[in-house]
Structure formats: structure tokens, C-alpha cells
Amino acid sequence: MGREHAGERHSVGGRQVDELGHAVRRVDDDGLGRGTVADEVAEVDHLAGHRVADGEVAARQELPEVEPGGGVAREVGHRAQRKAAAGDRENPSFRRSRNVSESVRRDGARAGIIRPVAWGSRSASNETGTTGTVSAVRTTGIYCRAGCSGRPKPENTSRYRSGVAAEAAGYRACLKCRPERSAASWPAAAAPRPVEAALLLIADGCLDSHTEAELAARVGYSARQLRRVFVEHVGATPDFVARSRRAHFGRRLIDDTDLEFGDVAAAAGFGSVRQFHRVITEVFGFAPRDLRARRRRGERPRIDGGLRLLVPCVAPYDFGRVLDHLRARAIPGVECVSADAYRRSISVCGHPGVAEVADAGDGAHLALTLHLPAFDCVIDDVQRCRRLFATDEDPRPAARRLGADPALRRLVRRRPGLRVPRCWDRFETVVRIIVGQQVSVRGASTLAGRIAAAAGEPFDSGVEAVTHTFPGAHDLAGHDLDGLGLTQRRRATLRAVAAAVAAGDIDLASAASTAEIEAQWCAVDGIGPWTAQLIAMRVYGHDDAWPAGDLGLRRSLDRLHGGASGTDAAPSDVWRPFRSWAAQHLWSADGSPAGTTAGSAPGTRTSPPTPKQKAGNT
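Mapping to numbering that gives the first Met the number 0: the sequence shown position 597 is 596, numbers consecutive.
FYI, nobody ran anything at the bench for these hints, they're computed from the structure. Take these hints with a grain of salt, some might be off.
To be verified - Pair by pair, the computed Cβ-Cβ distance ranges are:
| id | residue 1 | residue 2 | range |
| --- | --- | --- | --- |
| 1 | A491 | E456 | 16 to 26 angstroms |
| 2 | D459 | R558 | 46 to 56 angstroms |
| 3 | G360 | V462 | 18 to 28 angstroms |
| 4 | E259 | G402 | 10 to 20 angstroms |
| 5 | G360 | A212 | 41 to 51 angstroms |
| 6 | R558 | G442 | 17 to 27 angstroms |
| 7 | G319 | E456 | 46 to 56 angstroms |
| 8 | L507 | R558 | 31 to 41 angstroms |
| 9 | A502 | E456 | 20 to 30 angstroms |
| 10 | R490 | G261 | 43 to 53 angstroms |
Unchecked claim - Capping the alpha-carbon separation at 20 angstroms, the derived lysine to aspartate or glutamate pairs in EDC-like fashion look like this:
| id | residue 1 | residue 2 |
| --- | --- | --- |
| 11 | K175 | D289 |
| 12 | K175 | E281 |
| 13 | K175 | D254 |
| 14 | K175 | E231 |
Note that the coordinates shown come from a computational prediction; the quantities given were computed from them, not determined experimentally. The beta-carbon is built from N, C-alpha and C at its ideal position, and this holds for glycine as well.
All chains should be built: construct the whole structure from the sequences, respecting the hints.
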């Protein structure tokens with residue numbers, strides 16, 4: 000019998016079907032395994048795709064006891080082949096297709112697996128605090144997210160903390176429910192802070208240009224130690240996580256765009272087209288051209304004047320509130336926020352362009368449109384979008400903790416989809432926070448716009464309000480910043496910070512705790528606790544930062560406590576470890592822009608400054 004792709008087809012109820020459960024009439028094979036499929040004629044129940052096996056399957060053994068190869072040789076798509084119950088060797092083709100070491104597949108499976116639960120139930124996400132858990136089916140070699148239409152026997156399934164952990168254990172993503180397309184597909188490890196920081200660095204593309212050893216050094220581990228704790232807490236090594244990131248983004252571009260494969264490889268961060276083809280084939284079991292030929296109708300967003308991609312969001316998501324926050328703090332010439340969209344300048348591999356973010360209208364995605372002359376490393380800008388808009392952050396753990404306080408319960412229930420916006424560009428956000436010391440939010444935006452006009456790169460964006468890219472640390476460190484309305488002290492602070500970031504003395508993506516970040520930044524002349532805490536919140540992504548002394552927080556706390564809060568520090572202790580989320584709720588309730596230093600008017604102080612504050616600290 001001819002084959003369209005190796006191991007791809009099986010028989011259900013006397014009909015030949017492909018791995019998506021689509022019936023096929025006939026396949027013509029040219030003898031080289033390059034078959035052509037006749038028209039798809041009907042879609043059968045996905046249930047069948049999960050239960051197909053070529054014989055009796057040794058599926059009742061617990062996954063943690065499965066040696067490399069899994070006791071079941073997982074082939075392409077939804078097909079499974081039986082292996083001998085005892086004495087059988089590991090399937091070499093399975094090992095090659097995964098390109099994962101024995102120890103990673105064995106130990107990663109033990110680390111990534113969690114207590115089994117009913118298929119498709121919501122308790123899986125509740126027990127781990129994340130929506131990223133997936134179910135792996137040992138009889139088919141695939142993993143699915145909750146809600147997949149397939150219903151395998153519970154004894155044949157196991158739960159994994161993330162799709163990456165399931166892939167490291169030897170499973171492929173289900174081609175029906177597409178778990179890698181969910182907002183929570185990125186591994187969220189309940190792990191030490193260095194592991195969390197390393198995951199964020201990998202998401203930012205660190206391993207696209209640096210080695211695993213360099214990544215380990217940035218988070219304070221040796222390379223061997225980092226691999227060990229990653230396998231323990233994530234279920235896969237750092238290199239495997241980065242490889243999965245590139246592969247799944249490349250798959251998104253294959254499905255959602257008509258870009259040439261060379262452009263897809265560059266956009267996804269692959270080193271070459273050959274590497275792109277090899278990794279895609281290993282991860283998904285199909286060559287890129289076959290995946291594109293099989294993409295579903297209606298799945299591809301249109302491309303209208305740019306590359307348009309859908310960015311998934313963890314529900315519920317309040318896009319309007321995020322826009323309100325960004326609108327009040329937009330940097331003139333760099334950012335522009337309308338009633339329904341956010342636009343900004345970007346630079347990809349030296350090419351200036353424009354990114355536009357809007358609500359996709361389906362309640363589950365944001366629409367990101369990139370206008371660029373080339374699409375190299377677009378994966379990094381997609382990650383920046385996800386970071387700024389906090390699309391991957393689940394608001395429910397914070398809502399449960401903050402909602403337990405009667406003082407905040409009403410605010411939390413009113414805005415269940417509220418997010419803590421982070422940053423698109425880390426250094427840009429640091430500068431924006433520093434120039435916001437002791438001035439109004441509008442005044443800080445004006446000053447940041449002047450810095451962009453003086454030290455940034457002008458370009459013709461086609462958007463009237465977007466005219467410059469924001470300068471990097473190297474550019475700002477060598478600029479005098481005279482004549483921009485900045486005090487001499489503030490200019491000195493900005494140059495010192497820019498020089499430290501450019502030299503690597505300050506790591507804007509470090510694994511430091513909130514207290515350590517405050518101590519490091521307060522050692523810089525001109526930086527105080529308010530500035531350091533906002534940097535921890537926006538730049539480092541900490542959930543438990545608290546910028547004491549902020550005007551909006553003080554006003555909201557006074558209202559919550561009937562004007563008797565006294566200090567804005569003591570009430571916040573009951574909101575740990577989600578004080579950043581509490582601050583965002585209070586800012587939203589106050590109606591004032593987030594990040595205004597306390598005073599009788601926005602940006603002026605009510606209490607006498609300390610000698611250090613007189614020197615420029617807040």
C-alpha cells in the first residue's frame with residue numbers, strides 16, 4: 000500500500016484516514032515515499048485518531064517507569080506501533096527523530112509528569128496553578144491540551160507540566176487541538192528564581208546567539224547545574240526548550256503566512272534553512288512543505304500591508320485597560336496609542352519598522368502586525384509583544400489571593416482580566432521610569448520623546464506619529480543630553496545607567512529578587528526605592544514589587560481605608576506575593592496613570608525629601 004508520508008495513515012472502520020482523522024480516497028506513490036493525496040472527503044471523529052494502534056499495545060505501564068523509547072515506539076502522527084513487552088531494544092528511529100539524550104527523556108519524563116487527572120478536566124490547571132498542563136497518550140505518542148475532542152482511556156494518559164516536557168519525553172503535539180498554539184504553552188516552572196529567569200532569557204532568544212554555558216553564567220549556575228535543575232523542574236534541557244521555541248514559531252509561520260521557507264527560517268531564529276527543515280521534520284514528523292500543504296482552511300490570518308500574526312492570550316484578558324495604561328505613558332515619536340490599537344517603532348537586525356497590536360476580536364488573541372523590510376528574527380519581537388501585554392500571565396492566582404482581602408475584593412471582581420503591563424524594550428522602559436522621577440506622567444513622556452528625537456534613529460515609518468526608534472544603551476551613554484529639559488543630575492544618572500547596561504555591569508534580565516534589584520539600583524547615584532521597585536515590576540517582571548510613595552497608590556489606599564491608611568507600605572504586606580497586581584488594580588481604580596511619584600500634584604512630594612532624595616533620588 001502506498002504511503003503519503005511514513006507512518007502517517009491508518010485504517011478506521013475500514014476507511015483509510017490521515018493523522019487528522021480525514022478520510023482519503025487514494026494515494027499515488029512515486030516509489031520514493033513522495034506520495035500525493037487525493038481530495039479529503041470527510042472528517043471522522045478525532046476519537047479514532049487517539050485509539051489507533053497496529054496491535055496490542057503495552058500501554059498500562061506507568062510512564063515514569065518507561066525507559067527511552069517508552070515501551071511504545073511513537074511514530075508519525077497518531078499511529079503507534081507495539082513493541083515487545085520485555086527484552087526489546089530502544090527503537091533507533093524513535094531516538095533519532097527526537098534528538099534527545101537518554102537521560103533527558105528518562106529523567107525529563109519523571110520531572111515533567113504530574114498526578115493523573117480526568118481527561119479534559121479543569122482540575123489539571125487548578126492543581127498546578129498554570130493552564131499549560133497537557134495530557135500525553137501513551138498508545139498514540141501524542142500530547143493534547145484540555146478540551147481536545149479525543150477521549151482516550153484514562154489509564155493510557157499522563158499529565159505533563161508543559162508541552163516542552165511532553166516533547167522531551169518523546170511525544171508530539173496533537174495535530175487536531177494544536178496545544179502549542181495556546182497562550183500557556185511556554186513552560187511555567189515552579190522552580191528557583193534562576194530557572195525562571197533562564198526561561199525568560201530563552202524566551203527572549205538568548206540561546207539563539209549564546210551558548211548554554213553563557214546562559215548559565217547569567218543566572219549564577221554552571222552549565223551542568225543548569226541542565227540538571229532544568230530537567231528536574233522543567234522536564235527538558237535549556238537547549239531543548241530553545242529548540243522547541245524555534246520549531247513551534249516556525250510552524251506558526253508555515254501555517255499562518257505565505258512566507259518563503261528561507262524567510263520563515265530567519266524569522267524563527269534558525270541558523271540555516273537546512274537546520275530549519277531538519278528540526279521541523281524531527282519535531283512534527285512532516286517536512287515544512289507537507290505541513291504547509293496540509294494547513295487548514297480558515298486558519299491563516301490575512302496579510303494586509305505587513306506580516307500579521309495572532310498572539311494567544313490567557314483568558315480573561317482586558318485589552319482596553321492595557322491600552323489605557325500605555326496611552327498615558329506613550330513616548331512621542333516612538334509609540335502611538337489610538338482608541339483600539341497600539342503602534343510603535345521597532346528595530347529588527349538593524350532594520351527599523353513598525354509594530355501594531357490590536358484586539359483580534361475573538362476574545363482569545365491579539366493581532367500583531369509587523370511592517371518590516373525583512374523578517375529576520377521576528378520571533379523576538381513577537382516575544383516582546385507578549386511580554387509588554389502580559390498575554391502569557393494567568394491572572395487567576397493573583398485574583399484568588401487579592402480577592403481574599405475584603406478591601407480589594409470589589410476591585411478584583413470588577414476587572415478580572417486586568418494585567419500588569421511589562422515592557423517591549425527593557426532599556427527604553429528603564430529610561431522612561433527614570434525621567435518620571437518627581438514629574439508628572441505627561442511630563443515624563445515628553446522628556447522621553449525628546450531623548451528619542453535627539454539620540455534615536457529617524458526613519459519613514461508610514462505612520463505619522465511614529466518617527467524614531469529609541470536609542471540603545473551604547474547610543475545614550477555617549478550622548479550629552481543637553482538642551483532636553485533634563486536636570487544636570489538626571490542627565491548624569493541616565494548616562495551612568497546607560498554605560499553600566501552597555502558594559503554589562505547591570506543585567507536587565509537577571510535572576511535577582513526584588514530586594515536584590517532594589518539594592519543594586521539604589522547604589523546608582525540618582526536612583527531611589529520608588530524607581531527601583533517600578534523597574535523590578537516593569538522590566539524584570541516581578542509580581543511582588545511595590546513602589547511605595549506613589550501618588551496614585553496613596554490616594555487609592557486612603558479611599559480603601561477611609562483616609563486612615565497612614566502609610567502605603569503596611570497594607571500591602573497582606574497582598575504578597577502579588578503586590579504588583581494589587582498596585583495595578585489600585586492605579587486602575589484611582590484613574591491616574593501608573594507610576595506617579597507622591598505629591599500634592601502629580602510628580603511633587605508631600606513630605607520633605609531626605610538628603611539623598613535632594614540629590615535626585617525618589
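task: Please test the hint of 43 to 53 angstroms on the beta carbon pair from R490 and G261.
output: 45 angstroms, holds
- prompt: Using the C-beta atoms of E259 and G402, is the stated range 10 to 20 angstroms upheld?
  reply: Distance hint for E259, G402 is violated at roughly 50 angstroms.
query: Per the hint of 41 to 51 angstroms, is the separation of the Cβ atoms of G360 and A212 within bounds?
result: 45 angstroms, holds
- prompt: Honestly, do A491 and E456 meet the 16 to 26 angstroms range at C-beta?
  reply: 24 angstroms, holds
- prompt: Is it true that the CA of K175 sits at most 20 angstroms from the CA of E231?
  reply: 30 angstroms, violated
- prompt: Does the Cβ-Cβ separation between G319 and E456 fall within 46 to 56 angstroms?
  reply: 32 angstroms, violated
query: Cβ-Cβ distance between L507 and R558: within 31 to 41 angstroms?
result: 35 angstroms, holds
query: Could one say that the CB atoms of A502 and E456 fall in the range 20 to 30 angstroms?
result: Roughly 22 angstroms apart at Cβ, these two residues keep to the hinted range, so it holds.
message: Against the range 46 to 56 angstroms, how does the distance between the Cβ atoms of D459 and R558 compare: consistent or not?
response: 47 angstroms, holds
query: So the hint says 17 to 27 angstroms: do the beta-carbon atoms of R558 and G442 match that?
result: 25 angstroms, holds
message: Can you tell me whether the CB distance of G360 to V462 sits inside 18 to 28 angstroms?
response: 22 angstroms, holds
message: What's the verdict on K175 and D289, does the C-alpha distance respect the 20 angstroms limit or exceed it?
response: The given pair, whose Cα atoms are some 16 angstroms apart, holds under the 20 angstroms limit.
The structure fails hints 4, 7 and 14 (numbered hints given earlier, in ascending order).
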